[in-house]
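Residue numbers (the UniProt record's numbering), protein chains in the order written: chain A, 1 to 322; chain B, 1 to 322; chain C, 1 to 322; chain D, 1 to 322; chain E, 1 to 322; chain F, 1 to 322.
Check the hints yourself; a few may be wrong.
One copy or two, it doesn't matter: identical chains are merged, so the pair holds either way.
[Said to hold, decoys possible] Once the Cα atoms are required to be at most 25 Å apart in a straight line, the calculated SDA-like pairs of lysine to any residue come out as:
| # | residue 1 | residue 2 |
| --- | --- | --- |
| 1 | K103 | K283 |
| 2 | K147 | I99 |
| 3 | K26 | L49 |
| 4 | K103 | Y80 |
| 5 | K96 | P69 |
| 6 | K109 | G78 |
| 7 | K132 | G320 |
| 8 | K221 | V94 |
| 9 | K35 | S301 |
| 10 | K318 | V190 |
| 11 | K318 | R125 |
| 12 | K9 | K35 |
| 13 | K183 | W110 |
| 14 | K147 | M1 |
Bear in mind the hints are in silico, worked out from the structure with no lab data behind them.
6 protein chains.
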Amino acid sequence: MRELKSITKDDLNQEVTFIALLIDVKIKSTKTGGKYADLTVQDAGSKQLLKLWDVAEEDWLQRPKDDFPVIEVNALVGEYQGKLQLTAKNIRQVDKDSIDMKKLVPSSKWNFDQMRQWLEEFRDRIQTDPIKSLINEMVFQEPYYEKFCTYPAAKSVHHNFRHGILQHTLEVLKYCVVVATTKRLNQRQVDRLIAMAFLHDWAKIIEYEPLPSNKISDEGKMLGHIFIGSHHVMNKIELLEGFDREDALIILNGILGHHGALEWGSPVLPKSVEAQILHQADKLSGDVESILSFMQEQEESRETFTDRLWNMGTDYYKGGIS
Amino acid sequence: MRELKSITKDDLNQEVTFIALLIDVKIKSTKTGGKYADLTVQDAGSKQLLKLWDVAEEDWLQRPKDDFPVIEVNALVGEYQGKLQLTAKNIRQVDKDSIDMKKLVPSSKWNFDQMRQWLEEFRDRIQTDPIKSLINEMVFQEPYYEKFCTYPAAKSVHHNFRHGILQHTLEVLKYCVVVATTKRLNQRQVDRLIAMAFLHDWAKIIEYEPLPSNKISDEGKMLGHIFIGSHHVMNKIELLEGFDREDALIILNGILGHHGALEWGSPVLPKSVEAQILHQADKLSGDVESILSFMQEQEESRETFTDRLWNMGTDYYKGGIS
Amino acid sequence: MRELKSITKDDLNQEVTFIALLIDVKIKSTKTGGKYADLTVQDAGSKQLLKLWDVAEEDWLQRPKDDFPVIEVNALVGEYQGKLQLTAKNIRQVDKDSIDMKKLVPSSKWNFDQMRQWLEEFRDRIQTDPIKSLINEMVFQEPYYEKFCTYPAAKSVHHNFRHGILQHTLEVLKYCVVVATTKRLNQRQVDRLIAMAFLHDWAKIIEYEPLPSNKISDEGKMLGHIFIGSHHVMNKIELLEGFDREDALIILNGILGHHGALEWGSPVLPKSVEAQILHQADKLSGDVESILSFMQEQEESRETFTDRLWNMGTDYYKGGIS
Amino acid sequence: MRELKSITKDDLNQEVTFIALLIDVKIKSTKTGGKYADLTVQDAGSKQLLKLWDVAEEDWLQRPKDDFPVIEVNALVGEYQGKLQLTAKNIRQVDKDSIDMKKLVPSSKWNFDQMRQWLEEFRDRIQTDPIKSLINEMVFQEPYYEKFCTYPAAKSVHHNFRHGILQHTLEVLKYCVVVATTKRLNQRQVDRLIAMAFLHDWAKIIEYEPLPSNKISDEGKMLGHIFIGSHHVMNKIELLEGFDREDALIILNGILGHHGALEWGSPVLPKSVEAQILHQADKLSGDVESILSFMQEQEESRETFTDRLWNMGTDYYKGGIS
Amino acid sequence: MRELKSITKDDLNQEVTFIALLIDVKIKSTKTGGKYADLTVQDAGSKQLLKLWDVAEEDWLQRPKDDFPVIEVNALVGEYQGKLQLTAKNIRQVDKDSIDMKKLVPSSKWNFDQMRQWLEEFRDRIQTDPIKSLINEMVFQEPYYEKFCTYPAAKSVHHNFRHGILQHTLEVLKYCVVVATTKRLNQRQVDRLIAMAFLHDWAKIIEYEPLPSNKISDEGKMLGHIFIGSHHVMNKIELLEGFDREDALIILNGILGHHGALEWGSPVLPKSVEAQILHQADKLSGDVESILSFMQEQEESRETFTDRLWNMGTDYYKGGIS
Amino acid sequence: MRELKSITKDDLNQEVTFIALLIDVKIKSTKTGGKYADLTVQDAGSKQLLKLWDVAEEDWLQRPKDDFPVIEVNALVGEYQGKLQLTAKNIRQVDKDSIDMKKLVPSSKWNFDQMRQWLEEFRDRIQTDPIKSLINEMVFQEPYYEKFCTYPAAKSVHHNFRHGILQHTLEVLKYCVVVATTKRLNQRQVDRLIAMAFLHDWAKIIEYEPLPSNKISDEGKMLGHIFIGSHHVMNKIELLEGFDREDALIILNGILGHHGALEWGSPVLPKSVEAQILHQADKLSGDVESILSFMQEQEESRETFTDRLWNMGTDYYKGGIS
């Protein structure tokens with residue numbers, strides 16, 4: 001079995017066998033009424049296009065596209081316009097339970113155990129007990145903890161991989177704490193800021209469906225993670241004894257306001273310095289990751305500039321990288 | 001005792017006595033170190049400026065401006081630049097408990113009993129039981145019902161008077177039902193639309209402080225009525241048996257989306273035809289009321305156009321009214 | 001002869017015959033120099049794609065696309081990617097005069113006689129004689145009346161069907177009158193508001209070419225229905241005896257301002273409460289119709305949300321409809 | 001009799017007498033109930049503030065502010081904060097008929113006879129007879145010609161003086177013809193462009209009231225000069241024999257589109273190269289004049305930059321002028 | 001040898017031979033693994049698509065697309081969808097040194113010698129010696145003069161042809177001088193305005209690569225012609241004796257500000273009347289040229305309106321041109 | 001001598017003597033022709049209003065307001081509307097040379113020696129020699145070093161105090177380095193990022209006049225610190241041997257792009273991940289400081305929210321601070 005990224009031009013005109021997720025199917029037809037398909041397949045390290053000529057009556061290719069079957073593929077390695085092109089010779093569906101799905105879904109490059117340890121260290125910086133309890137119950141307990149550590153933080157653009165919320169939250173926590181220290185916020189402000197950073201994207205465990213789907217749930221589309229998260233946090237706060245009312249208002253405003261502007265989906269503006277720091281730390285984490293992953297994707301092309309990265313509104317210079 | 005609006009140029013150079021709320025105090029000083037004050041006083045029918053020369057040590061004039069004392073005023077009626085000007089000769093504070101506050105706060109011109117009856121009629125058009133229960137428990141029960149029937153719907157601009165939420169909700173309900181009927185929505189859509197219309201500004205009973213304050217509460221500023229309302233409705237729905245999940249998503253999205261655009265403070269867009277109707281009915285009710293009350297305020301001036309009404313971005317033609 | 005919407009998967013692999021308008025032709029070529037065509041055909045109830053292999057020297061397929069020939073088609077019913085696909089076996093052009101064109105053009109679902117009766121009822125609510133004369137001469141007389149009752153109200157998006165202006169005008173009239181009643185406008189205001197509502201889109205009978213073309217005329221593109229309508233109304237008013245000058249200014253401003261904002265093509269803003277009501281009633285009618293017709297179009301797809309509806313800037317939830 | 005601009009610090013502590021228009025009155029009161037007034041007076045060359053202490057019962061000071069009485073003033077020349085300040089000792093109203101109003105209203109610095117000659121020369125460049133007739137009848141005949149040669153082109157900002165439309169139209173004509181020549185437009189295009197330039201602000205003779213009022217008429221506010229002008233031109237064109245339909249559409253579109261963008265009040269965009277040239281020539285004339293007149297106004301201040309010129313959104317550097 | 005624009009339907013089914021630049025190659029593949037290519041070729045007068053079936057191992061077709069080989073083509077003239085279609089029978093690469101490249105690149109229609117003479121005349125209107133020296137050294141000396149006279153002024157849209165900077169600069173100079181004369185600027189202002197006009201797009205000789213590439217250089221993309229030009233001019237000014245400091249600030253501000261608004265890439269706004277004139281003259285030259293060249297391109301189509309011209313945001317009326 | 005912030009209500013009705021900068025003078029007049037003045041005075045710790053009744057012929061009060069005389073004041077402490085009010089009894093001008101100006105100008109709260117040490121440490125993290133030389137010559141050498149360490153970073157809003165550039169640069173450096181480390185940029189990227197951070201606001205030593213003026217220089221207003229800084233850096237880079245061209249382009253683009261968007265005054269967008277990090281670190285430093293200093297200013301007021309902070313577009317919650 002080969003990993004997709006191990007297949008190179010050294011394999012030209014040879015056959016390879018690999019296991020992958022089938023994540024997109026486009027069926028096309030020829031004049032003579034025949035059908036062929038452009039498949040997109042993926043494992044943890046790479047995506048690849050796969051031609052399938054003469055599509056037969058394989059029902060499973062017609063299934064709803066959110067189903068993501070696991071397939072074993074035998075394919076011929078060719079080349080087209082200077083790029084590798086695989087042509088399927090045989091495809092068979094594989095039982096998902098027999099497969100370690102981690103091998104088929106891209107994942108954070110950061111060490112998972114290290115990330116969980118860091119997460120605990122940030123929690124332990126909180127000195128206000130009710131705020132610490134809030135984080136313990138919202139993040140470090142099931143049924144939340146596993147999802148929080150596993151889900152992606154976005155549908156595309158940035159941190160859209162396994163452990164995405166976890167890595168993104170750690171980045172945001174780090175940036176927030178550095179600003180708090182530099183600007184000498186007091187401990188109560190720091191505690192609120194850490195809590196907000198932990199919770200700002202928490203509701204993405206409800207807004208998204210589990211990987212490999214990466215689809216937004218109905219609840220996510222209709223209500224959004226900003227409302228869902230604030231709603232759960234407000235309910236949890238009301239159950240915690242001794243939670244200061246002003247802390248509650250500031251933390252909830254921070255979650256509601258973390259997109260930083262009404263037109264970006266926050267129903268209220270950040271009304272505390274903590275909330276403004278959170279917003280900018282969140283934007284910094286997302287934007288920088290989106291540029292880095294985009295430049296890596298486009299490393300191979302011969303141009304000196306990347307294509308336009310839509311969420312940043314510009315292309316990037318590839319000179320001076322290596 | 002005189003009502004403020006009964007004082008006219010027929011009273012020139014005479015003394016009048018009236019009871020009013022003191023809603024604003026601006027203290028100014030003269031070169032010789034003396035102080036005088038520009039007071040704003042109000043009763044149910046009108047607002048009036050009141051000059052107070054030689055401000056003494058009346059402590060209560062220095063109190064936080066949100067306190068709104070009730071005062072009995074003896075004043076001389078004068079004229080300045082063609083407008084009435086009252087000059088205080090004597091002011092004394094009156095015990096609030098001895099006064100019927102309704103006489104001092106502007107109120108809806110619609111008949112209160114009639115409005116409550118209409119409100120029940122709209123509720124009774126709902127045929128889906130769990131939705132009807134939602135409205136009964138959120139609107140027609142205490143501790144909500146009295147506030148819902150009493151609070152203003154805005155700080156300024158439109159429906160910023162006693163029974164404001166009630167009148168505005170009735171207007172929105174009426175417009176929504178007419179559109180639903182004209183466009184032949186089915187009963188389930190109608191039920192959801194009526195529920196949304198009932199609940200869209202419900203949380204203003206939390207966002208505002210009680211009249212005569214008309215101030216936004218801390219919770220209102222930090223979280224906003226859109227979040228607060230959706231939060232309470234979601235909690236209530238979860239307690240109601242048999243509430244359809246799709247109805248819940250559509251009703252909550254309707255409340256979250258009723259401002260119609262992210263930049264107007266909705267964290268998600270209206271995602272159903274009901275939600276879009278609600279948004280436009282809400283806007284229609286607010287805008288039309290704000291134009292009508294503004295034109296009435298400016299009726300007296302000699303210009304053929306009003307001043308610019310800031311929320312509508314234009315002035316209005318006063319020709320052809322009478 | 002079959003109606004297009006009656007053709008279903010029950011007809012698979014069989015031949016069907018139908019009459020339709022040919023509304024679009026895309027000719028494509030194959031490597032071997034052959035040509036085929038993707039045709040779009042339409043009757044009153046549906047649109048359908050039609051493959052035509054081996055396009056010969058049929059001149060009429062090359063004609064200007066605004067000509068819309070009527071064709072009789074004999075086709076084989078197939079399936080492609082889960083959708084019906086018709087493949088033409090024989091196409092012949094049909095004399096337009098031999099056909100009832102109403103069967104080939106989509107039309108309002110409202111009863112035509114009922115609509116005309118309603119239109120008269122709204123006119124009869126006007127109590128100011130010169131205003132009533134204005135409506136009689138601009139709407140209820142030829143050469144206007146037939147066009148007013150027949151033309152579509154838009155090129156796409158909403159009310160873009162036979163009787164479109166008529167249905168849209170009735171919706172706007174209804175919404176306007178409800179608001180006027182609720183907000184207790186006086187009779188003179190109601191008269192002006194009804195007149196504006198009648199006339200706001202009147203000039204679309206000049207801006208558009210007759211169905212089935214649905215094309216904007218040169219005059220329409222260069223001058224727009226807002227100017228053209230106001231121009232004709234102003235000329236008509238000057239011919240009517242006793243037309244009040246203030247009524248004239250308000251009605252003309254209402255027509256000029258009915259798009260509600262400069263950036264939407266109104267050269268002046270609405271300067272009366274009537275004009276603002278008209279603008280919002282117009283928007284309500286257009287937006288709601290566009291959502292409803294779009295959701296109906298997309299009823300069949302298996303997704304829980306529609307595609308993005310461009311004029312509304314969002315997709316719509318399909319849950320909870322049936 | 002002195003002209004206002006001839007009064008300088010050389011006159012300090014002396015009395016001066018002058019005739020001026022009274023264009024603004026602000027009455028203020030003192031604690032003791034007395035009244036004083038800040039008057040603004042103007043003659044052809046300058047504006048000046050004038051203090052009037054102890055305002056008595058002069059009725060004419062209370063009149064509607066659009067009346068603009070002519071007054072003869074005897075005043076004491078003082079200084080305040082480094083600026084001249086006049087204090088009225090005596091004011092008497094003067095019969096308007098006894099005064100040459102030209103001396104009291106600012107006027108174009110260009111020679112009037114020269115301007116009229118240039119206007120004829122531009123007309124005579126038109127070689128298409130019906131277009132030339134259009135200009136002759138709309139501009140060079142009464143009741144239009146005198147107003148066209150006299151009215152200001154704006155309420156403020158630019159060309160807001162006697163002969164303003166005339167001077168502005170000549171500037172626009174000149175810029176248009178230079179562009180047309182440089183870019184080698186054909187004669188028919190040149191004829192249309194000259195016609196548009198003549199007519200684009202023509203309706204300001206209806207939109208404004210006559211000087212010295214400089215007020216916008218009710219018709220102007222409700223309908224705007226863009227609609228009014230296009231309406232009159234369209235009616236005139238229909239009376240002219242042999243007027244080419246395409247010329248008519250382009251000229252009307254040019255007038256409707258001369259603000260260049262919907263958000264600037266044009267209901268349609270410029271749809272011909274002539275219309276785009278007209279828009280930019282119009283903007284160039286207006287903007288450059290507004291900067292020059294503003295810099296001249298602010299010449300005296302000691303700052304190296306002017307204040308912010310609101311319509312241009314910036315301040316201007318005064319270095320390097322002399 | 002044929003020029004491309006000389007090939008018409010009169011040549012149908014015949015073979016033609018021509019020399020052209022190969023400016024784009026799109027390789028496509030067929031099901032059977034074969035390859036074909038859509039080539040774009042160009043000479044001074046026209047662009048043309050060229051089909052190449054059965055692409056072999058011609059390495060030079062795979063080269064970086066910025067290389068622009070010169071090719072001699074033997075092709076069959078066909079027709080497809082009413083348009084000419086050339087199918088290559090033989091292609092061979094030609095040595096660039098053997099070819100007069102002017103014949104393969106589009107060029108200004110203005111006479112080159114005339115343009116250079118005009119350029120000198122504008123320079124000679126400058127009466128301030130250091131400013132004249134600045135223009136002499138920046139424009140009329142090598143290594144700048146040849147590039148200034150040869151480079152295009154844009155990548156697309158307007159003046160994107162040989163001698164583009166030269167023609168565009170002359171247009172801008174002409175418009176600037178007419179405005180300066182009309183508005184009676186003083187000689188020092190005129191001198192600065194002429195200098196700015198000469199220099200505003202000067203740095204496009206660095207921002208662009210030489211024709212036929214028409215590509216933006218790395219330096220151009222990273223720094224932009226606004227910064228690069230101002231930087232070089234500032235350095236040059238510091239070397240010139242007696243250059244007035246205020247002139248320097250105004251000229252540099254004019255270059256920095258010539259896009260007229262921050263959002264169009266000027267880091268500072270125009271702060272002098274000269275700078276505002278320059279900005280508008282620049283926009284006028286660019287916009288008018290873009291409309292004229294676009295309308296010429298679309299002359300042949302049968303529609304009465306052009307397509308939408310993206311930089312102007314609208315389509316154009318083709319009536320009344322001939 | 002008292003410091004201004006030491007004067008409290010404990011001093012009521014007593015006389016105090018202090019030395020301060022006179023930073024604003026507003027002269028007003030009374031009806032009787034007398035003059036009084038509202039003065040604003042400042043020392044390092046506070047600003048204070050000061051009434052001066054009966055302004056005599058003190059010439060120095062009329063001087064250009066940028067002169068900022070040092071004054072010794074003897075004043076009576078009073079109270080007005082609950083706030084301290086000082087009334088001058090005697091004012092005399094003091095020779096600036098006899099005063100330690102540091103005591104009269106607000107200054108960074110960070111330790112100055114510590115800041116300079118940190119600055120060196122950041123420089124020493126650079127490992128690319130030519131980049132390090134650039135920083136040494138642009139920052140650590142005179143005539144730049146003293147200004148870089150002394151000037152404010154803004155005219156208002158944030159870091160508008162002595163050592164403002166220094167403190168702001170250190171904040172930006174810190175945030176940049178944390179992001180670079182977290183996201184594992186390579187050493188060359190880190191070196192460029194540190195260089196950009198050092199240089200991004202460098203040109204404010206030219207854009208501003210020295211404290212206490214805090215005025216923008218003519219060069220600053222006409223050219224802006226973005227151009228001026230990039231210009232000097234580009235000239236310096238050209239003098240440095242071995243400076244990599246790609247590093248130069250990225251560093252210059254980073255300085256040009258550090259405002260992050262065209263509409264915020266950057267003529268090009270950030271085209272590298274380093275440049276985007278710099279932009280966001282810059283914004284974070286400025287915004288957070290502006291909120292903190294604004295909240296501190298408004299600490300005393302009795303409201304639960306601050307006024308609106310104009311650059312952030314919102315007010316801030318004062319609950320939960322202490």
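* What hints, given by number in increasing order, does this structure fail? -> 1, 4, 6, 8, 14
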